[in-house]
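**Q** Sequence:
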Amino acid sequence: MEFTSIQALLDAYKSGETTPDAYLRQQWKQAKADVNHCWISNISEAQLDGYIKALKNSNPELKPLYGVPFAIKDNIDLLGLPTTAACKEFAYSPSRSAFVVQALIEAGAVPLGKTNLDQFATGLNGTRSPYGACQNSIDPTYISGGSSAGSAVSVALKQVLFSLGTDTAGSGRVPAAFNRLVGMKASIGRISCRGLVPACRTLDCITVFAHSVEDIEHVLPVAGQYDPSDCYARDFSDSDSKVTYSFDKPRIGVPRDTQLEFFGNNNYRRRYSASKAQCEALGAELVDVDFSPFLDAAKLLYHGPWVAERYAGIKAFFDEHEADCDPAIQAIIGGARGLTAVDAFNAQYELQALKKRCDAILNSVDAILIPTAGSIYTIEEMQADPIQLNTNLGFYTNFMNLLDYAAIAVPADDESENMPFGITLFSDKGTEPKLLEMAKAYTGKSRIEVGERIPESMVIAVCGAHMAGLPLNHQLVSRQATFLEKRRSAARYQLFALAGEEPKRPGMVRTKEGGNRIELELWEMPMARFGDFLAGIPSPLGLGKVELDDGTWVTGFICEEAGATGGRDISHFGSWRVFLTSKSYS
1 MEFTSIQALL DAYKSGETTP DAYLRQQWKQ AKADVNHCWI SNISEAQLDG
51 YIKALKNSNP ELKPLYGVPF AIKDNIDLLG LPTTAACKEF AYSPSRSAFV
101 VQALIEAGAV PLGKTNLDQF ATGLNGTRSP YGACQNSIDP TYISGGSSAG
151 SAVSVALKQV LFSLGTDTAG SGRVPAAFNR LVGMKASIGR ISCRGLVPAC
201 RTLDCITVFA HSVEDIEHVL PVAGQYDPSD CYARDFSDSD SKVTYSFDKP
251 RIGVPRDTQL EFFGNNNYRR RYSASKAQCE ALGAELVDVD FSPFLDAAKL
301 LYHGPWVAER YAGIKAFFDE HEADCDPAIQ AIIGGARGLT AVDAFNAQYE
351 LQALKKRCDA ILNSVDAILI PTAGSIYTIE EMQADPIQLN TNLGFYTNFM
401 NLLDYAAIAV PADDESENMP FGITLFSDKG TEPKLLEMAK AYTGKSRIEV
451 GERIPESMVI AVCGAHMAGL PLNHQLVSRQ ATFLEKRRSA ARYQLFALAG
501 EEPKRPGMVR TKEGGNRIEL ELWEMPMARF GDFLAGIPSP LGLGKVELDD
551 GTWVTGFICE EAGATGGRDI SHFGSWRVFL TSKSYS
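So in this note's numbering, the last one in the sequence shown is 586, and the numbering has no gaps at all.
Take these hints with a grain of salt, some might be off.
[Unchecked claim] List of simulated lysine-lysine pairs, PhoX-like, C-alpha gap at most 25 Å:
#  : residue 1 : residue 2
1  : Lys32     : Lys249
2  : Lys56     : Lys158
3  : Lys545    : Lys486
4  : Lys512    : Lys249
5  : Lys14     : Lys63
6  : Lys355    : Lys429
7  : Lys356    : Lys315
8  : Lys53     : Lys14
9  : Lys158    : Lys53
10 : Lys440    : Lys355
11 : Lys429    : Lys276
12 : Lys53     : Lys63
13 : Lys440    : Lys158
14 : Lys29     : Lys14
15 : Lys315    : Lys299
16 : Lys276    : Lys56
17 : Lys32     : Lys276
18 : Lys545    : Lys512
19 : Lys276    : Lys440
20 : Lys88     : Lys32
21 : Lys88     : Lys249
22 : Lys504    : Lys545
23 : Lys29     : Lys56
24 : Lys29     : Lys53
25 : Lys545    : Lys249
26 : Lys440    : Lys429
27 : Lys249    : Lys14
28 : Lys299    : Lys355
29 : Lys249    : Lys486
30 : Lys158    : Lys32
31 : Lys32     : Lys56
32 : Lys356    : Lys299
33 : Lys299    : Lys445
Treat the hints as calculated values from the structure; they're not laboratory data. Just so it is clear, the structure is predicted and the values come from calculations on it, not from any experiment.
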C-alpha cells in the first residue's frame, strides 16, 4: 500500500484501511532493501516493535504525526543508532536524540533510520560518502544532490513520507530540485540544531523534505518548536501571528537575464523562463532585480573564512584523522588552517555591507524567484570534476544563510521526459507563512494571493531637507530612524526647488523619458513611528515608490507634478545639498 501524503496516511489509519503495524513494517522492509545508497543505518526490528507498541498505547487524536515514517540525515542524533556524519572513524553513539527528532517522535512520527550524506555535510552533490554515492531517484546515473542526499531520495522513493536534512550552503534545496520534492529551509534558528554535528554552527539549518507543501505545513509546526536550550534558536511565534492577507498582486523579484547562469544547460534555462511565465499567469507581477550583491555574498561561503567554521566544528577529529576523510573534504576543510581572525572580521564587514544592499532589494518585493540549481550532472561527471561542478551547484544557494533568509524549493514543473528542475522562492527571516502560501499557489496552479508579515521597520529614501545635517533631519532622528547609506535615483527624475516658507524643500518628480540621477539618503524607521511621520508631510509632497539606480524600488519622497509648477528646475545639480551650497541658491 502506497501513500505520498501525510493526511492520506492518517485518513487510512482512521478508516481502518491500514494500521501502523502493517504500514510501518512494510516501509521498514522497503528501506532495508534500498539499492540507491540512501541509508547508512536502519533501526532494528526490535526498535520498530517498540515504536509500534508506543503508538498502540497512545491516542492518535493527540499525535499529529501518528504512525508517519520519516528519515534522519546522519549528522543528526537519534538515540539507538550511531551518528557518523558519513565518516566511519568519526562515529559515536549519542546519549539522546536531537531536540527536533524527539519532538517528532513525541508527535507520533517513527524514524526508520539514518540517511547518507556528503561527508560532514560538505558538498551539494551526494557523492562524497564512504557509504556510496547516493543515486538520483529518477535516473541512478545522475547525482542525487547533497549534502542531504539520502534524506531526499528516501522520500522520493516513497520509503518514508518526510525526512530531516540540513542546509548550510543549499543542502536542503538542491536535493529537492533533483528529486522532484519540496524542500523547506526555514529561518536560521526556526528548527533547533541541538543534537546536530555542526558544519557552520552560525549558519546551519535543519530542513524538511516532503512530496508537497501541505506536508511541509503538517511537519513544520512540530519540528519548529522553540528550544530554549539551543543558544542559536529563535522564537518566531510573534512574527507568525502577524500575517495579514492584504494584497492581491504580489511583486516577485527575478534576477536580470544577464545575471542568470545555467552552465550550458539550455533545458533548465527554458524551464526557468516557463516558471516565470507561470507566476505571471497566477497573478504575480515580476520585477527585475539586481542579483549581483547576492552572488557576491555567496562567494564568501567557500572562498572566504567561513570554511574555518567548518574546520572549527570537527578540528580535534580532523587534525588526527585527516587522511580518513574524503579527498574533497580534506581539500576544503584543510584549506581553512591558514585563515586568520583578521580574515574573519574583514569578511564579516564585507558581508554586512552586502546585506544592507540585499535587504533593500528584498524589501522592494514580496519574494524573489530563482532556479534552485543551474544544472544537473551525472555521478561520473561529478567525480571527474568534484570541486568546480559542486561550486556550480551552489550558484543560487550559497548566499541564503549568510544573509539570514528563509527559502522554499519546489518542483518547477512535471516534465517527466526530462530530469527534474526546481525553483526557489525566498524572503526575509520569519516569512515562512508567506513563502508556504506562495509555494502552494505555484504548485497547485492557483492564483497567488498571500499574506505578508508586517515589517518591523521601513526604509525611506529622502532627497532634501530631511537629509543628515539639514533642517528637517530631526523628524527622522526623533523617531529612532537610522541612516543606512547614500544612494542615487534612477535617471528618471527632475528635482525642483519648491516655492514656500522656510525651511526650503525640493520636490522630486518622475519623468516619462530622460531625467537625472538625484542624490538620496536611505533611512530605516520603526513602523510604530511611521504613521505620525507620514501625517506631517505637507502637500504637494508625499511618500511613494522611488526607483534607485540599480533598478530596485524603495519608499521615498515624491512630488505631485502639478505641485512642482512654478518651482525652479534644479535637476542639473543632481543634489539638493549641491544646490544649497551653490551661488545660484544664494
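**Q** Against this structure, judge whether each hint is valid.
**A** Going through the hints against the structure:
1. Lys32 x Lys249: Distance ~48 Å between Lys32 and Lys249 Cα, so the pair is violated.
2. Lys56 x Lys158: 24 Å, holds
3. Lys545 x Lys486: Holds, at about 17 Å.
4. Lys512 x Lys249: 24 Å, holds
5. Lys14 x Lys63: 13 Å, holds
6. Lys355 x Lys429: 13 Å, holds
7. Lys356 x Lys315: At roughly 33 Å apart (the allowed maximum being 25 Å), Lys315 and Lys356 break the hint.
8. Lys53 x Lys14: 17 Å, holds
9. Lys158 x Lys53: The given pair, whose Cα atoms are some 23 Å apart, holds under the 25 Å limit.
10. Lys440 x Lys355: Violated - the C-alpha atoms of Lys355 and Lys440 are around 28 Å apart, more than 25 Å.
11. Lys429 x Lys276: 23 Å, holds
12. Lys53 x Lys63: With a Cα-Cα distance of about 15 Å, the restraint between Lys53 and Lys63 holds, given a limit of 25 Å.
13. Lys440 x Lys158: 21 Å, holds
14. Lys29 x Lys14: The given pair, whose Cα atoms are some 23 Å apart, holds under the 25 Å limit.
15. Lys315 x Lys299: Satisfied, since the Cα-Cα distance of roughly 23 Å is no more than 25 Å.
16. Lys276 x Lys56: 48 Å, violated
17. Lys32 x Lys276: 41 Å, violated
18. Lys545 x Lys512: 15 Å, holds
19. Lys276 x Lys440: 15 Å, holds
20. Lys88 x Lys32: Given pair Lys88, Lys32 holds - Cα atoms ~20 Å apart, limit 25 Å.
21. Lys88 x Lys249: 52 Å, violated
22. Lys504 x Lys545: 23 Å, holds
23. Lys29 x Lys56: 20 Å, holds
24. Lys29 x Lys53: 18 Å, holds
25. Lys545 x Lys249: 16 Å, holds
26. Lys440 x Lys429: 19 Å, holds
27. Lys249 x Lys14: 40 Å, violated
28. Lys299 x Lys355: 13 Å, holds
29. Lys249 x Lys486: 30 Å, violated
30. Lys158 x Lys32: 13 Å, holds
31. Lys32 x Lys56: 24 Å, holds
32. Lys356 x Lys299: 17 Å, holds
33. Lys299 x Lys445: The given pair, whose Cα atoms are some 34 Å apart, is violated under the 25 Å limit.
In terms of the numbered hints stated before, the structure departs from hints 1, 7, 10, 16, 17, 21, 27, 29 and 33, listed from lowest to highest.
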